[in-house]
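Novice: Chains as they are written, first to last, in our numbering: chain D, 2 to 117; chain R, 48 to 453.
It should be emphasised that the hints constitute simulated quantities derived from the structure, not laboratory data.
Just so you know, even glycine gets a beta-carbon here, dropped at the ideal spot from N, CA and C.
This list has only true hints and no planted wrong ones.
Across the chosen pairs, the derived CB separations fall in these ranges:
id : chain 1 : residue 1 : chain 2 : residue 2 : range
1  : D       : A75       : R       : V375      : 28 to 36 Å
2  : D       : E77       : R       : E60       : 45 to 53 Å
3  : R       : G82       : D       : A75       : 36 to 44 Å
4  : D       : T57       : R       : R128      : 46 to 54 Å
5  : R       : R168      : D       : R109      : 15 to 23 Å
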Amino acid sequence: MKYILLFCGNEERWDTMAEAERNGMYARIGEWWGSHSASGKIFGGEELQPVTTATTVRHNGDSTVVTDGPFIEAKETVGGFALIDVANLDEAIELAKTWPAKGLVEIRPLVVDSSM
Amino acid sequence: MSSATDPRSATDEALARVFREETGRLVAGLVRFLGDFDLAEELVQEAVLSAIETWPSSGIPANPAAWLTTTARRKAIDRIRRESRYRDKLVLLAGSPAPAPTEPDDRLRLIFTCCHPALAREAQLALTLRAVCGLTTPEIARAFLATEPAMAQRIVRAKRKIVEAGIPYRVPSREELTGRLQEVLAVLYLLFNEGYLASAGPVAHRRDLTTDAEWLAGLLGRLLPEEPEVLGLLALMRLHLARAGTRFDRYGGLVLLRDQDRSRWNRNAIAAAGRLIEQAAAMGRPGPYQVQAAIAALHSEAASWEETDWEEIVALYSLLLAFQPSPVVRLNRAIALRHLAGPAAALAEVEAVAPELDSYHLLHATRAELLRDLGRAEEARPEDEAALKLTQNPAERELLRQRLLD
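Same shape as in the complex, but just chain R (with noise of 0.2 Å):
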């Protein structure tokens, strides 16, 4: 998170925003318009360059939309004089008016492209990111910890199989909805996760990817009102964020749930998301998402770890394993299981999925908390270190060799 006392960052996030607001729109109408997505894509990530490099002394313009398209238009012109490959589409651009800002919203069909399943999970994140958020290439490149070329390589080789092997740009039809939805959500999803926990790394000049998630969520829940699974995982995100500023101690070290200052989390945000999960419930159409959502309200609404509705969470996780049975979610499920049924039943159901999850480092930590609650200190030794060579995340890292040392 940055603070908002540093000038720097305070215009970098207004650019952000504003970067949010209007390249999504301005690629999905200029692909429309030249029914090139490759190109479309460029020219708005060219206008986003050249915005960088003059707003912040300029000034963001009064009609940054209006500046974006015309810059957009600018360039297409520049590339007229370069390169005759796409004369015939640039001179219909530059002759005419720009498309209207006014028009329907086309951006559902620019995510749905982003993320096409033929693109690799990777490509559509990263892509996702440029075309619908204007991030530019560098500070995808940051996010990811991967190198600029690697990076800029990566969406170049996306947007080639987007043309070259006819990706559509378009809706899915209603048959294709459902699956198709799926995957966008695994995408923003992953974006969030990606930059909540980057959070715990050297963050100084990482964008916060949460933010983005969040924003596509809510843009995705607006465009498509009546997909409960898009509000189950917007809720799922708020909630998560309505929590952030207490999952850290004072030096940066991490503050399980249980230890967490539950008087300074966000509880308007967490009524606003509790009431999100009832709206998406009402549809009567449950899934993986909502489940996951009613877990962490249940989590949030709770006045202290001890008074946790376990019963009822536990309930939900077996929902959550017949929308998704796999070793991950068993794992969730057996943890709260230990406060209903206690530590030797909870260990019973760790041993039922260890094979799987051997190099998962949580099941060895889960399963060393266990053995402990059971008194079998020594036995949960092993299983701390074992964890401890599983993760590279520092914040994880130092808990677990504080246990080491108690």
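Chain D extracted, bound-state conformation (with noise of 0.2 Å):
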């Protein structure tokens, strides 16, 4: 079953954290997102740019507004994503479970178009 994994953090904590550390952080996900590339198991994903940069369309009836920021206002932001194929949701806790950076992790299944 395809899933994404939706990397959510703190970027305050990420932007605080001594340059050393941070390094370390993107060595230990560079080695588990090779790893599981290679396996297979990650089919896709991106690292996002900070939420500062994010831009919201909201459709209002026939008219549209473009706001500053994400559509959700909170401290846990998504900071990235990978498009896993793996046998279960079991198989995908499991790896989100590994995840390095640590932070939140939401699951959610793609809807498969059978016709194509």
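Can you join these two chains into the complex? Each is in its own frame, and there are hints to help.
Specialist: Below, the structure is given as structure tokens:
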């Protein structure tokens, strides 16, 4: 089954991290990503620019409103995502548990169009 | 508790027993056969509803498992005519012999799926009752004082999540088992407590969930005989049940443990539970349910409230606190400590957890009792009043009202 893992966390914590610590974290994420891509579990994904760069377009009937910021203001924001293909939710949960950057990981199954 | 003289409730109990034994097995077999949890569970539920319609007048068939299986298959054939969605799966079911009831017991997978941590707690409770114990949606709704449509929707959503989110139908691996088992035990204990507390309220048309919870714990104990915490929980439930008959007086008033008529406790059941605890302890892996069972056993075995082994009980609460560092456990330890170290020492412990438990009625009721013990009756009164405001349980309310009148 295909899922998306949404990696969420506190950007402030990330920003205030000592450089050596941040580099260490990136190294661990790189290793994690590399090994799970090689095994075929991860088939896509990216890191996102900080939430300060987010823009939201809201549809209001026929008009649209463009605003600065994410659609929901929260301490925890989405910082990246991975598209994975695993046997079932338990495997997705196991993968999310090993995500090196801690924080939160939301797991959502993808809608697979059977006609495609 | 229903009385044995009421023929209607006698039939209900016989039906409940059959459904408990047969439906979980049938659902488990069908899920494996069809590879679709939602559909398999639905077909069995429909078969159960048919049985409820026909069995009370026709009598329970000699082989209820075969009856339910045949009915579920007939429902499947009806579905093939109505819906194309499941056609391939249902053709399989209609065309082949029914899954043999002699195949290995698959109910463990069923239980772990119903109690998967990705499902909300209320959904776990409802699904376990329906799929494993064979309760109908209206029965579950009544047991939880919910409306039928709300309960039906909760179940539909949970089953949809199992299918759409890919919750697997399997027993967790060795490494995951301890964590996942905790989840299952929490569900069973919550079911038991739900039934245990509800027996104080209007019971007339509510199913006794304590029986279902105890049965589930027994089943789990047979399916996982090497897990001491399962035996601990089973012993704990059986100890509560052995004393259940003395919890209320003839007017429905709550009788506290210290005032209960110990001659009416079920001594054989208490001794059997004690043996279960020893069997669990011999496995050398203690845990919170075994400790709670040991505490309940000490209470059950004491000849009187005064002769209770308080030293051992306080020691066990300290151990429980190490497993479950919660303010409620600490409050319970303080209550036991009163008999070992006196009310002043106990009150100091109660005050230490008071800020965290301000909205818990038993904190205030305990504080009131300790204050009265210390001769500070004026301070006790507002505490009893606070406790009264915080509980809806009619029997507890009556007891508190009585105290305020004294």
